[in-house]
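Given the structure of chain P, go ahead and fit chain F onto it with the hints provided.
There are 2 protein chains.
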Amino acid sequence: MITDTDMYALSIITENRAGVLRDVATVMANYRANIQMIQQSIITSGPNTGKAYLYFEFEECGNHPDLIADLARVPSVVDVTIYPPFSRIFGSRVIIIGGGAQVAQVALGAVNEADRHNIRGERISVDTIPLVGEQNLALAVDAVARLPRASILVLAGSLMGGEVSRAVDRVRGAGIPVIALKMAGSVPEHADLVVTDPIQAGVFAVMHVSGKAVFDINRVRGREF
Amino acid sequence: MITDTDMYALSIITENRAGVLRDVATVMANYRANIQMIQQSIITSGPNTGKAYLYFEFEECGNHPDLIADLARVPSVVDVTIYPPFSRIFGSRVIIIGGGAQVAQVALGAVNEADRHNIRGERISVDTIPLVGEQNLALAVDAVARLPRASILVLAGSLMGGEVSRAVDRVRGAGIPVIALKMAGSVPEHADLVVTDPIQAGVFAVMHVSGKAVFDINRVRGREF
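Protein chains in written order, with full-length UniProt numbering: chain P, 1 to 225; chain F, 1 to 225.
In short, the hints are calculated from the structure, not lab data.
It cannot be assumed that every hint is accurate.
Straight-line alpha carbon distances no greater than 20 Å define the calculated SDA-like cross-link-like pairs of lysine to any residue that follow [unchecked claim]:
(1) Lys51(F) / Leu147(P)
(2) Lys182(P) / Ala138(P)
(3) Lys51(P) / Lys51(F)
(4) Lys51(F) / Val80(F)
(5) Lys51(P) / Val77(F)
Since the structure is predicted, the reported quantities are computational estimates derived from the model, not experimental observations.
Chain P on its own, in the form it takes in the complex (with noise of 0.2 Å):
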């Protein structure tokens, strides 16, 4: 497990041209860093307007200062700024998806719980969107798995199954928990926890997420609340 204490981040503008990342990558390459998440994009505001902006996160290589040293002097390199990474301030996600009203209410017990732990120096975000519709549903769980920092997933409606359920069981596959609302559909015996109550769904997903919390669901697979 890497802590986030081992990760660096830094923002790289340059000139944009074709072949900067792969430029950048094989500095970092050099150095043997071990890239998490890149980000390129062009900026489309400012005074660096039409430049290309380049946002990646590595674990510690051991020489950090000699690889910055060196991607500065990459040809079309414009910058390089240092930044805390998002685990560090963004940290592990709740992501819950479903139907508005009860995504709203999962939201309102996980926000509340997190707020708690934050408070003491832990960092859980907790991030939603509503949709309708299996197919939808379906591609949006299995994206999960691909979200960076996506630590736990609530399923909150009232009927969801087929392509949904099957996804599911890719993301736990993938190592992601899911906890799912007391609803009609196969999801819940999908899930590795039942929750009746939206607002304690929220709270269970934070208190799992949490590094100081004693709640493991784990300890709790396949029961109903």
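Same frame as chain P, but now just chain F:
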């Protein structure tokens, strides 16, 4: 403006060795593919445990079937899979930062309003983090400018100023509008819009992000509701 239909996403599973990103980026550069985001991590469970996982999103580059075939031929690449990009699944992000009780109420308004839009085919998600302390808040506000697909920020609290207000100026300078609850401190003077009711603040935020709503924050800038 890039529409989400021009975007593609794919994941690549490779042997875990230094330089893979450089090799893949070289292929991307050969096709002049404009990469928007890359994530890289090590797979920790399942049959591919220990292998590297690369996910990236890129704009249409004219010949992406050939691009994908060439990626599959890179030494140590095990698998290439195509997905819908996050922009098509989770869409634009409304970010809510501040005190837990108020963040939860803004989220209530935003999630319920986003539900109404997403039912009609839009994709708006609502992401939150409850935080306390000027320095923590300022770091999180600054980081919003680096978050993928962040479209508007709502600051929900009772007292914010100082370094948070300077961060608000920077985020707005990066092109992300800011709504503040009516509160003590200087943040409301730096926001685009000040709203008293947290639920309405969440609704306004979603209305601004929506491509279908009539509301445009630029037409009410500086006003207080």
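So, going through the hints one by one against the coordinates:
no.	hint	result
1	Lys51(F) / Leu147(P)	holds, 18 Å
2	Lys182(P) / Ala138(P)	holds, 18 Å
3	Lys51(P) / Lys51(F)	violated, 34 Å
4	Lys51(F) / Val80(F)	holds, 13 Å
5	Lys51(P) / Val77(F)	violated, 31 Å
The structure shown violates the earlier hints numbered 3 and 5.
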